[in-house]
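Participant: Here the protein sequences line up with chains W and G, keeping their order.
So the first sequence is numbered by the numbering used here: it starts at 1 and just counts up by one.
So the second sequence is numbered by the numbering used here: it starts at 1001 and just counts up by one.
The hints are simulated quantities; they were obtained by calculation from the structure and are not laboratory data.
Predicted model, so just to flag it, every value in this text is computed and none were measured.
Where a beta carbon is used, it is the ideal one built from N, C-alpha and C, also for glycine.
It is possible that some hints are incorrect.
What the hints assert, rightly or not - Reference excerpt, derived from the structure (chain W facing chain G, CB under 7 Å, subset only):
1. MET31
2. LYS45
3. GLN48
4. PRO52
5. ALA55
6. SER77
7. ARG83
8. LEU84
9. LYS108
10. GLY110
11. GLN123
12. TYR125
13. THR126
14. ILE129
15. GLU133
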Amino acid sequence: MKPLGTRIICLVAALAGGLAVPAAAHHSAAMFDKDKVLKVAGKVKEVQWTNPHVAIYVEEAAGSGAAPLVWLCELTSPGNLARLGWSKSSIKAGDKVTIEFNPLRNGKRGGWLKKVTLADSGQTYTNDIFAQENPNLK
Amino acid sequence: MDRFRSLLATLLLLAALPSNPEDLGPKAKSAVRPPPTAKDWADLAKLPDWSGVWNPKISDQFAQMKTNPPPWTPKALAQIARMDAEERAGRPPPIFVNCLPEGMPSWMLVTHNAMEILFTPGRVTMLGESDGNRLRRIYTDGRSHPDSPDPTYHGHSIGHWEGQTLVIDTVGVVPQAYLAVSEAVGLPNNGDLHVVERIHLEGPDVLHDDLEITAPRLLTRPWKTTRIFFRQRARKFDIVEGVCLEGSFRQAVDADGNSVYAPIRYDVGGNRLPPE
Chain W
1 MKPLGTRIIC LVAALAGGLA VPAAAHHSAA MFDKDKVLKV AGKVKEVQWT NPHVAIYVEE
61 AAGSGAAPLV WLCELTSPGN LARLGWSKSS IKAGDKVTIE FNPLRNGKRG GWLKKVTLAD
121 SGQTYTNDIF AQENPNLK
Chain G
1001 MDRFRSLLAT LLLLAALPSN PEDLGPKAKS AVRPPPTAKD WADLAKLPDW SGVWNPKISD
1061 QFAQMKTNPP PWTPKALAQI ARMDAEERAG RPPPIFVNCL PEGMPSWMLV THNAMEILFT
1121 PGRVTMLGES DGNRLRRIYT DGRSHPDSPD PTYHGHSIGH WEGQTLVIDT VGVVPQAYLA
1181 VSEAVGLPNN GDLHVVERIH LEGPDVLHDD LEITAPRLLT RPWKTTRIFF RQRARKFDIV
1241 EGVCLEGSFR QAVDADGNSV YAPIRYDVGG NRLPPE
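Working from the sequences, and respecting the hints, build out all of it.
Facilitator: Spelled out as structure tokens, the structure:
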């Protein structure tokens, strides 16, 4: 019997940081509620490391006997995430994580990722495209 | 006889040249591109160093929406106001979600992604990340614009160097290309777009693109704005391949065991749809 979960999918599209900013490439982030931050703990189901937006799907355990809830978070592009310290293997399927995100205004289980924390290592990654606005990043 | 004809042809060609050919140079008048010489390659070393990867100052793009808005015509302003209201209401107008190129001048104005700039004899080439079609060819070999260029997303660009500044003149942009101030707010230029840019280093690792945008179907007067880019030299930040449509699919394995791209569901705004 699998533990139940809620599926958490975090569909992240643009960047948040307090502004209703468009996402990395081709769409605005205004569909996400920048005034709210949801926090969900779960297991990464899938990572789509693709342009123009990366996506991370997280399964949140639901109640006993219930299927996990899947949350979809969208993020900026792989290139922008690289300048924020990410690589395609930073977050992998199976990782236990906590995601913090601006949720979709329509109430669906999705949002724009603000921060993800790996449960085992405590390592965090952000999705703040303004954080790369300096030359000669290391 | 053949030598006489050849001489005559040469004389006729010389007679057809402008009285001040030094303005354009004989190469600029040629219908063919002559092969670059060793000097042409060596002369590239005199240009400023724009190597590396350049990522945009996105926060300044947003700031200028308030501090330096385009001088929209009343008709355009009414449409922009509606788009602003929709954006604030959480229903961003989907203007760049079809994966067609953002085109000129929006690529320079609202991109969130990095670019690189290549110098070759007679050419400057700008290559953008995260959209397989972000490419600008800027001819610096002295040629003029064609009389009637085929319209394209990035237009026809000719450039010349004024000291350490590259001056670019762009016409021939498709009327459907947006003049956008964000990924959700902008309007098609509707024709007769003309962009003049002055690109130069503002600091050792900061590049400025000073744009003057003339769009008579949208703006009451030319609009001046500067876009800022930061240089990255770490190899791990090299430009990566970015195919816009890739985000409309997920990697999957089909019934025969082949690796394939499977379409995913996404909304009108371009966001992947969360599972129900």
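Participant: The structure should be examined with respect to each hint, and the outcome stated for every one.
Facilitator: These are the hints, each one checked on the structure:
1. Satisfaction of the interface hint for W/MET31 is found here, the shortest Cβ-Cβ separation to chain G being roughly 6 Å, below the 7 Å cut-off.
2. Proximity of W/LYS45 to chain G is violated relative to the hint, the smallest CB-CB distance being about 9 Å (cut-off 7 Å).
3. Satisfaction of the interface hint for W/GLN48 is found here, the shortest Cβ-Cβ separation to chain G being roughly 6 Å, below the 7 Å cut-off.
4. The restraint placing W/PRO52 at the interface with chain G holds, with a minimum CB-CB distance near 5 Å, inside the 7 Å limit.
5. Because the closest C-beta pair between W/ALA55 and chain G is about 6 Å apart, less than 7 Å, the hint holds.
6. The criterion of a C-beta within 7 Å of any C-beta in chain G is met by W/SER77, whose closest approach is roughly 5 Å, and the hint holds.
7. Taken as an interface hint, W/ARG83 checks out: its beta carbon lies about 6 Å from the nearest beta carbon of chain G, inside 7 Å.
8. Hint status for W/LEU84: violated, given a least beta-carbon distance of 11 Å to chain G, over 7 Å.
9. Taking 7 Å as the C-beta cut-off, the interface hint given for W/LYS108 holds, the closest approach to chain G being about 5 Å.
10. Because the beta carbon of W/GLY110 sits about 4 Å from the nearest beta carbon in chain G, less than 7 Å, this interface hint is met.
11. This hint is violated: W/GLN123 has a C-beta 18 Å from the nearest C-beta of chain G, more than the 7 Å allowed.
12. A least Cβ separation of about 15 Å between W/TYR125 and chain G goes past the 7 Å threshold, and the interface hint is therefore violated.
13. The closest approach between the C-beta of W/THR126 and any C-beta of chain G is roughly 15 Å, which is over the 7 Å cut-off, so the hint fails.
14. Using the Cβ-Cβ criterion of 7 Å, the hint placing W/ILE129 at the interface with chain G is satisfied: the shortest such distance is roughly 6 Å.
15. A hinted interface residue such as W/GLU133 counts as satisfied when its beta carbon comes closer than 7 Å to some beta carbon of chain G; here the least separation is about 5 Å, so the hint holds.
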